[in-house]
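*Asks:* All chains should be built: construct the whole structure from the sequences, respecting the hints.
Residue strings, one per chain:
Protein chains: 2
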Amino acid sequence: MRILATYRIAVAEAESRARAEALAAEQSVEMPVAAIDDPHVRDEIVATVESIRPHADRFDVTLGIAPATTGHEASQLMNMLFGNCSLQPEVELVDVKFPDGYERAFGGPRFGIDGIRTLTGVTGRPLTCTALKPQGSPVAHLAKLAHTFALAGIDVIKDDHGLANQPFSPFAERVPAVQRAVDEANRETGGRTVYAPTFSGGPAALREQARIARECGVGMALVAPMLVGIPSFIELQAVLGIPVLTHPAFAGSVRVAPPLLLGKLFRLFGADATIFPNHGGRFSFSAETCRRIANCARSSWQGVRPVLPVPAGGMTVERVPEMLASYGTDVMLLIGGGLLSAKERLLERGREFVAAVRA
Amino acid sequence: MRILATYRIAVAEAESRARAEALAAEQSVEMPVAAIDDPHVRDEIVATVESIRPHADRFDVTLGIAPATTGHEASQLMNMLFGNCSLQPEVELVDVKFPDGYERAFGGPRFGIDGIRTLTGVTGRPLTCTALKPQGSPVAHLAKLAHTFALAGIDVIKDDHGLANQPFSPFAERVPAVQRAVDEANRETGGRTVYAPTFSGGPAALREQARIARECGVGMALVAPMLVGIPSFIELQAVLGIPVLTHPAFAGSVRVAPPLLLGKLFRLFGADATIFPNHGGRFSFSAETCRRIANCARSSWQGVRPVLPVPAGGMTVERVPEMLASYGTDVMLLIGGGLLSAKERLLERGREFVAAVRA
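Same order as they appear, the protein sequences are chains A and B.
Each residue of the first sequence is one higher than the one before, starting from 1 at the first, in this note's numbering.
Each residue of the second sequence is one higher than the one before, starting from 1 at the first, in this note's numbering.
Possibly wrong hints are sitting among the right ones.
Unchecked claim - List of simulated lysine to aspartate or glutamate pairs, EDC-like, C-alpha gap at most 20 Å: (1) B:Lys-343 with A:Asp-43; (2) A:Lys-144 with A:Asp-183; (3) A:Lys-343 with A:Glu-318; (4) A:Lys-144 with A:Glu-188; (5) B:Lys-144 with B:Glu-344; (6) B:Lys-144 with B:Glu-348; (7) B:Lys-343 with B:Glu-318; (8) B:Lys-97 with B:Glu-50; (9) A:Lys-144 with A:Glu-352; (10) A:Lys-144 with B:Asp-37; (11) A:Lys-97 with A:Asp-60; (12) A:Lys-144 with A:Glu-344; (13) B:Lys-97 with B:Asp-60; (14) B:Lys-343 with A:Asp-37; (15) A:Lys-343 with B:Asp-43; (16) A:Lys-144 with B:Asp-38; (17) A:Lys-144 with A:Glu-184; (18) B:Lys-97 with B:Glu-44; (19) A:Lys-343 with B:Asp-37; (20) A:Lys-144 with A:Glu-173; (21) A:Lys-343 with B:Asp-38; (22) B:Lys-144 with A:Asp-37; (23) A:Lys-97 with A:Glu-44; (24) B:Lys-343 with A:Asp-38; (25) B:Lys-144 with A:Asp-38.
None of these hints come from the bench; they were simulated from the model.
*Replies:* Following this line, the structure appears as structure tokens:
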């Protein structure tokens, strides 16, 4: 059984067969197939052209990629799917279907939607999420914001993904201080608000951040897999032991369809919740793309837990009813700047957000 | 002094100022600037709009990004340069200028062109490079190919970047066997051919591969930074201690200008030689793009060693004179499939390649 990868290619009909065969060679043996003598390589390693179908003014070519060529490892899987052809602007990767059992090499989310519901104690309703911003703020300011958001009853407070390990709020100072502020507010309210700090940097930095987070009882992690690198993201999960919320930063620089990358692949690689730019905000994803991302995150997949979709990017409290109607119950709504704009009315605005979601 | 990042934006002239300011907020504080009370954040953290210039039917917007916001770390630098706006298809990142001294946080290539010339003993002429292919071949076949290429006098023999750690030629078996074959040929010829195996996978796998490579005396490494992740690529260099040849797989070509990513940024992050798809082969980079990649790799940059450009991707021995005329002496020409197609005439074809470059 092959991995079925579908590419949308801008090519004339007369050339579509030759282009598909060239892509099959490019994405597997990367040499002229005629120069290969080994029958095993020709039959078992060279990618097959499974189908060529017109799609609008382009062609959808589905290749059959031999699972063995991926070494069942993330960087090599991404290489086989979109390594060289990422450099060919006429080619987009639009979907991938894995053979049954392939997912066991990765395992997918360790917690998924159920694990996040258990952690936050939220059942039967969507979750709420907000962000600590802006970067450049001193730690005390971020901790105070977190305290206010937790008092308002927001379920998950994440760092802005721009809060990394800068001198103005280093991870080792910021994360314990914010976690303490959230713990205090939880004691006041009896709530279970969870803090998700940003993990960034190289493997050694990530391990150190995981140690600090564990020490102060952090409940969740925010990671941008395309910034730290997918294999590093996967290895981090083994030492984290808490649910991971993925951020799509830098994920748009390659021509991989967002439902595939932010939904299906991030899920395969272990995201428990996946942030994506909702339509009608600061980003231009269509409503259909967003619906498909949520579908890839939550739909049934043998052996791989469903993932919480997290629409974001310029959302407001006013849009909550519409978002709930679109995404249903298994969703976490993320409003960051839309709350912070309330300034001195932050607590009230936070409470309005929570009330709108609970309504 | 700010980092000057230039973005090419598809926007109407009437909206170009507002779009530039929105991008400045998106790529720094990621919230409405009006909601920020802290004067330090407004003055020192929010990205500035330095210029807006028409470019064909689009606008080149240069932002001033505060170096402190990058935490002087690669994943956060890429986040500040192209994190969120990678998700805005109307935005491309076309150039970055770093303030003097910024490069000290990274250090750039440890070896660069001079280091590779010392390693290979090649002075006063371009270098030659070829690739072991196809994946799926048994280790003995790859070792035999390497032996033949080394007999032909090719300077650097790299793994195909699709040779990762698959069961048909696992790193731990393949790399010692190929290195032995190259060593043998070097003893026969008195040459100094160097082998560059593919490093892939997560941080733990990379460390283990570095250990194996060190044990058997491997002289160079092939790494695709966008597949293993840039921060992981950087951390690997510290344990490798040998020059690194970067591969552009998964580096996508559309939204970060190739001269910036494959030339300038890979150089900042430590590449000693950088492979890119030459014009007129299987990829559609223009001659001008290729010239600019080579320029970004080799041009004078205070404190950062020059990097060897490696044009590749469907090149042939027949094109050697033209490539030498384009790229001059400080270049390494990579011909893979173009040699392998010679089959039983492989040794002769390799010798013709070497002779053409030495001519």
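*Asks:* Which of the listed hints are not met by the structure?
*Replies:* No numbers; nothing is violated.
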